[in-house]
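With these hints in hand, go ahead and build the complete structure from the sequences.
2 protein chains.
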Amino acid sequence: MVDSSIKFLTLLALLYCLFVPLVEARVRLYKWEVKYEFKSPDCYKKLVITINGRTPGPSIIAQQGDTIVVELKNSLLTENVAIHWHGIRQIETPWMDGTEGVTQCPILPGETFVYRFVVDRPGTYLYHAHYGMQREAGLYGSIRVGLPDGQTEPFLYDYDRSIILNDWYHKSTYEQAAGLSSIPFVWVDEPQSILIQGRGRFNCNAPGIEAGLCNATSPECVPYALTVVPGKTYRLRIGSLTALSALSFEIEGHNMTVVEADGHYVEPFVVKNLFIYSGETYSVLIKADQDPSRNYWASAKVVSRNSTTPNGLAIFNYYPNHPRRNPPTPPPVRPRWDDVGPRLSQSLAIKAHRGYIHPPPQTSDRVIVMLNTQNRVNGHVRWSVNNVSFNLPHTPYLIAYKHNLLHAFEQTPPPDGYDYANYDISSVNTKNVNATTSNAAYRLAFNTTVDIILQNANTMNPNNSETHPWHLHGHDFWVVGYGTGKFDMFNDPKKYNLVDPIMKNTVAVHPYGWTALRFRADNPGVWAFHCHIESHFFMGMGVVFEEGVERVGKLPTSIMGCGDSKGYFRP
Amino acid sequence: MVDSSIKFLTLLALLYCLFVPLVEARVRLYKWEVKYEFKSPDCYKKLVITINGRTPGPSIIAQQGDTIVVELKNSLLTENVAIHWHGIRQIETPWMDGTEGVTQCPILPGETFVYRFVVDRPGTYLYHAHYGMQREAGLYGSIRVGLPDGQTEPFLYDYDRSIILNDWYHKSTYEQAAGLSSIPFVWVDEPQSILIQGRGRFNCNAPGIEAGLCNATSPECVPYALTVVPGKTYRLRIGSLTALSALSFEIEGHNMTVVEADGHYVEPFVVKNLFIYSGETYSVLIKADQDPSRNYWASAKVVSRNSTTPNGLAIFNYYPNHPRRNPPTPPPVRPRWDDVGPRLSQSLAIKAHRGYIHPPPQTSDRVIVMLNTQNRVNGHVRWSVNNVSFNLPHTPYLIAYKHNLLHAFEQTPPPDGYDYANYDISSVNTKNVNATTSNAAYRLAFNTTVDIILQNANTMNPNNSETHPWHLHGHDFWVVGYGTGKFDMFNDPKKYNLVDPIMKNTVAVHPYGWTALRFRADNPGVWAFHCHIESHFFMGMGVVFEEGVERVGKLPTSIMGCGDSKGYFRP
Numbered sequence: 001m002v003d004s005s006i007k008f009l010t011l012l013a014l015l016y017c018l019f020v021p022l023v024e025a026r027v028r029l030y031k032w033e034v035k036y037e038f039k040s041p042d043c044y045k046k047l048v049i050t051i052n053g054r055t056p057g058p059s060i061i062a063q064q065g066d067t068i069v070v071e072l073k074n075s076l077l078t079e080n081v082a083i084h085w086h087g088i089r090q091i092e093t094p095w096m097d098g099t100e101g102v103t104q105c106p107i108l109p110g111e112t113f114v115y116r117f118v119v120d121r122p123g124t125y126l127y128h129a130h131y132g133m134q135r136e137a138g139l140y141g142s143i144r145v146g147l148p149d150g151q152t153e154p155f156l157y158d159y160d161r162s163i164i165l166n167d168w169y170h171k172s173t174y175e176q177a178a179g180l181s182s183i184p185f186v187w188v189d190e191p192q193s194i195l196i197q198g199r200g201r202f203n204c205n206a207p208g209i210e211a212g213l214c215n216a217t218s219p220e221c222v223p224y225a226l227t228v229v230p231g232k233t234y235r236l237r238i239g240s241l242t243a244l245s246a247l248s249f250e251i252e253g254h255n256m257t258v259v260e261a262d263g264h265y266v267e268p269f270v271v272k273n274l275f276i277y278s279g280e281t282y283s284v285l286i287k288a289d290q291d292p293s294r295n296y297w298a299s300a301k302v303v304s305r306n307s308t309t310p311n312g313l314a315i316f317n318y319y320p321n322h323p324r325r326n327p328p329t330p331p332p333v334r335p336r337w338d339d340v341g342p343r344l345s346q347s348l349a350i351k352a353h354r355g356y357i358h359p360p361p362q363t364s365d366r367v368i369v370m371l372n373t374q375n376r377v378n379g380h381v382r383w384s385v386n387n388v389s390f391n392l393p394h395t396p397y398l399i400a401y402k403h404n405l406l407h408a409f410e411q412t413p414p415p416d417g418y419d420y421a422n423y424d425i426s427s428v429n430t431k432n433v434n435a436t437t438s439n440a441a442y443r444l445a446f447n448t449t450v451d452i453i454l455q456n457a458n459t460m461n462p463n464n465s466e467t468h469p470w471h472l473h474g475h476d477f478w479v480v481g482y483g484t485g486k487f488d489m490f491n492d493p494k495k496y497n498l499v500d501p502i503m504k505n506t507v508a509v510h511p512y513g514w515t516a517l518r519f520r521a522d523n524p525g526v527w528a529f530h531c532h533i534e535s536h537f538f539m540g541m542g543v544v545f546e547e548g549v550e551r552v553g554k555l556p557t558s559i560m561g562c563g564d565s566k567g568y569f570r571p
Numbered sequence: 001m002v003d004s005s006i007k008f009l010t011l012l013a014l015l016y017c018l019f020v021p022l023v024e025a026r027v028r029l030y031k032w033e034v035k036y037e038f039k040s041p042d043c044y045k046k047l048v049i050t051i052n053g054r055t056p057g058p059s060i061i062a063q064q065g066d067t068i069v070v071e072l073k074n075s076l077l078t079e080n081v082a083i084h085w086h087g088i089r090q091i092e093t094p095w096m097d098g099t100e101g102v103t104q105c106p107i108l109p110g111e112t113f114v115y116r117f118v119v120d121r122p123g124t125y126l127y128h129a130h131y132g133m134q135r136e137a138g139l140y141g142s143i144r145v146g147l148p149d150g151q152t153e154p155f156l157y158d159y160d161r162s163i164i165l166n167d168w169y170h171k172s173t174y175e176q177a178a179g180l181s182s183i184p185f186v187w188v189d190e191p192q193s194i195l196i197q198g199r200g201r202f203n204c205n206a207p208g209i210e211a212g213l214c215n216a217t218s219p220e221c222v223p224y225a226l227t228v229v230p231g232k233t234y235r236l237r238i239g240s241l242t243a244l245s246a247l248s249f250e251i252e253g254h255n256m257t258v259v260e261a262d263g264h265y266v267e268p269f270v271v272k273n274l275f276i277y278s279g280e281t282y283s284v285l286i287k288a289d290q291d292p293s294r295n296y297w298a299s300a301k302v303v304s305r306n307s308t309t310p311n312g313l314a315i316f317n318y319y320p321n322h323p324r325r326n327p328p329t330p331p332p333v334r335p336r337w338d339d340v341g342p343r344l345s346q347s348l349a350i351k352a353h354r355g356y357i358h359p360p361p362q363t364s365d366r367v368i369v370m371l372n373t374q375n376r377v378n379g380h381v382r383w384s385v386n387n388v389s390f391n392l393p394h395t396p397y398l399i400a401y402k403h404n405l406l407h408a409f410e411q412t413p414p415p416d417g418y419d420y421a422n423y424d425i426s427s428v429n430t431k432n433v434n435a436t437t438s439n440a441a442y443r444l445a446f447n448t449t450v451d452i453i454l455q456n457a458n459t460m461n462p463n464n465s466e467t468h469p470w471h472l473h474g475h476d477f478w479v480v481g482y483g484t485g486k487f488d489m490f491n492d493p494k495k496y497n498l499v500d501p502i503m504k505n506t507v508a509v510h511p512y513g514w515t516a517l518r519f520r521a522d523n524p525g526v527w528a529f530h531c532h533i534e535s536h537f538f539m540g541m542g543v544v545f546e547e548g549v550e551r552v553g554k555l556p557t558s559i560m561g562c563g564d565s566k567g568y569f570r571p
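Chains as they are written, first to last, in UniProt numbering: chain B, 1 to 571; chain P, 1 to 571.
Simulated from the structure, these hints should not be mistaken for laboratory data. You may find that some hints are simply not true.
Any copy will do: because identical chains look the same in the list, a pair fits if it lies in one copy or spans two.
[To be verified] Below, simulated BS3-like cross-link-like pairs (lysine-lysine); rule was C-alpha separation at most 27 Å, straight line: (1) K171 - K45; (2) K554 - K272; (3) K287 - K73; (4) K494 - K45; (5) K35 - K46; (6) K402 - K494.
Set out below in structure tokens:
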């Protein structure tokens, strides 16, 4: 008996060695149906876009090298849809980036579109609608890519958890968009609540609430509880998909060790609170090392805006306390919304983990300075880059470039800079109030190194400069420098960190400051680069990069069928 | 001088004679942009779909034989659109009917679709969105087709005016649609107001109204004033595009002489109040023959439902009284909502004008009885015809038939009748609670005569039967009979009016009654026939007729590009 058991185990081990490589690179198939449903994520009932009945949608959990297949059925009544896989570089599949107007036509009601792409790196990523302002309607979720079996991260933890932070409006995205493009401008205002993993809490007793819409006892708005076992260490993956808000996240009485940012290992550092901007992801390690007889608040507070939005609250629940038992202490109130210093400090603190440094090119081939301003165009309030306010064409760039439909958008390239000498970034924009609009793209020479300097400035309101989190599709970039004031083309580049800069896909430019980033234009395709604040991108704060499009393989016709590619779909 | 003037006038007259035929059959070009805007048609601000900034949209005013060209630009953000030309038969242009899923693919954001069709008969018609529930969002307007120069109608009037009646919801169409397809069912409830030519009046002091949304002094909700000169006779063209409501329209103290219905001359008859159902149009003559020192109420009251919706009010304004001066008398309160008798009487009173009778075929080739019921399908509340609840395919029928894409929808034909012997129309539907859904079409032999018997029944609520106005695309039909109770296949046809029946495109089936109509299947194409109540059609109350599709000319590819025709568009 013993002998045959050993033989059997040996056989099993042999089979394991033979088949594990096959098993590891799996195809993970998801069938999603997108539709409108009424939900009360913050106790206030409104129409949201769900995936398979949920918002946030189902998590994608995969391993490095897996192929993700999402069969996305659009069951909206009259509305199209597209989903972006945020942080996935789409190497060799630029047509699967899910960015309407850039990489694909929208998916019509009744259609099923198949997204198929490889998750080639471990890390914490996101997905969300990338069409109109649909992300704000609740169409988002998380992607967690694990290491191959047998490989380990450069840090230890007992459990792995994910949350997404979001802000939440009660008005529909249509109402918001119509207001933003109206004359006079109707601002969407501050969000009604902050959601932690899809749950928030709106005060149903607030005045002026339409009767019957708010139910403080709805099970849908029970605060999210992160249940922990005393003494254990948790890896908490935190993503932000706020429409507007920059957030400070903290867990009362617990330090957090930052270990990952946008899929890259961070040289660990400890924070009391984590600043996180829309489009970013972080992993932090939290040890459940406090008094286990009680629960603690997890709190997400708006910073960078003097917001009326109350903090989002969740419960850091020490097992076996009841997960709905409120902590005995008041929720955290810090930090001050207008204290930029700590935010800049955190930005500067994030370096590549010393064992995982990707050395950046030491020089760049092209520098594009991007002045971030608020402007007026024909009476509309807009956001601009170098006084050009972006609008999307209706023929996606990728198709237009590959199929020579260049009349589909403007061909005069957007400017690589602005009038540095004469533009005062520190006061209200008077000189360049009138910007122009364009849908022209930046064309980058393939395999060159590009520097982008994001230059912040005063808005159209006195003494106001906003934080803009910029997200680049199809790439990670090195964050080589931050500074305050106006970027100095001569001196500031000398201070770039070209030793151990972190790579990210989203980075903030702080009020009145600048952020320098570098990337290799080595991923053939057309890629959006834009402020991740939903209303800012809608109002023109974005650009598009074309690089090596001649190297892009044959496009699937499933992405076609709109604008000048209307007849290009082939079954 | 005199001599040369006479010569010149003679020349002018000659030129007139030469060119008038060309001038008469004009091409009338409209450029419309469709988008969302905030409007307060009943003092309550909500997002509506406008055409060139207006709701109702611009009127189309043409003469018989004109070609209408509407270049429709979709400037919605994420939503498609399609517009139906209600009452225009689209002879030889069945692809221009504007019915999404039946005759065309929806028009994508950013696209411009060109509608081009001939208005071949004089009369009063309508246009409105025919996609999802967009009609309710405000996308509608009127079409007035005049006689050729020199021809006259069989009645006299001094002035010609048009109004559209509508009911108005404060919830968005998305919210309504999501509720209707939810389990449990969320009914849209009664409309908040009745609009007369796009203006209504909601009580801003009603409890539970969100602050800041209702403004009783908004100029957008000043009641519509129909200004009249004492002693003159007005032709008032009245169309109804209500989402739900059957209406009684009257002008305090004034008789109305009904002279036109759905583009056909009516043997004149006088009413105090006009019952009008969604999708119908009427012309009435009104003589301004009352005390001219004051104004009078025009009132639209909901009938057939025990509605909470207040009457819609406009001002019948005797010049030179101020058009905003309220009449000194209270608005009319009649008729009773549940008094079916007068409504049936009006239906029976409408006959073809004796000089304009189109004699109907004396026999029919096929009789289709259509039982109208409310049912449940998989827990959803639905409306059905012969216990089949309709849903639209995503490949329009017209394209599917012409291009042999018959797999795009079910091929088992829907039933031509129901179990007459055993179905009790007068009580709650228990036997056939569970209907099925289908998108199969009725195929009619070309050039045959078809009778449709609309058979009403009790809904799923005790002692309740609703009024359903049925609208046929691509045709007018003869209304050959009405009756109460269950249609008797043997005896009732003997009582058909085959002498002077009116032709219409929309007709009501009254509670617990039946309506018989006859038409010639002589217009090659695919045509929707459905209850014109927006929520009822959404919930399955419709069918589709195919007739002579093999005779339809080459389809323009501009209608293609969705479902199985996704690649069929050719620029």
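Sort out which numbered hints this structure fails and list those numbers smallest first.
Hints 2, 3, 4 and 6 contradicted; others consistent.
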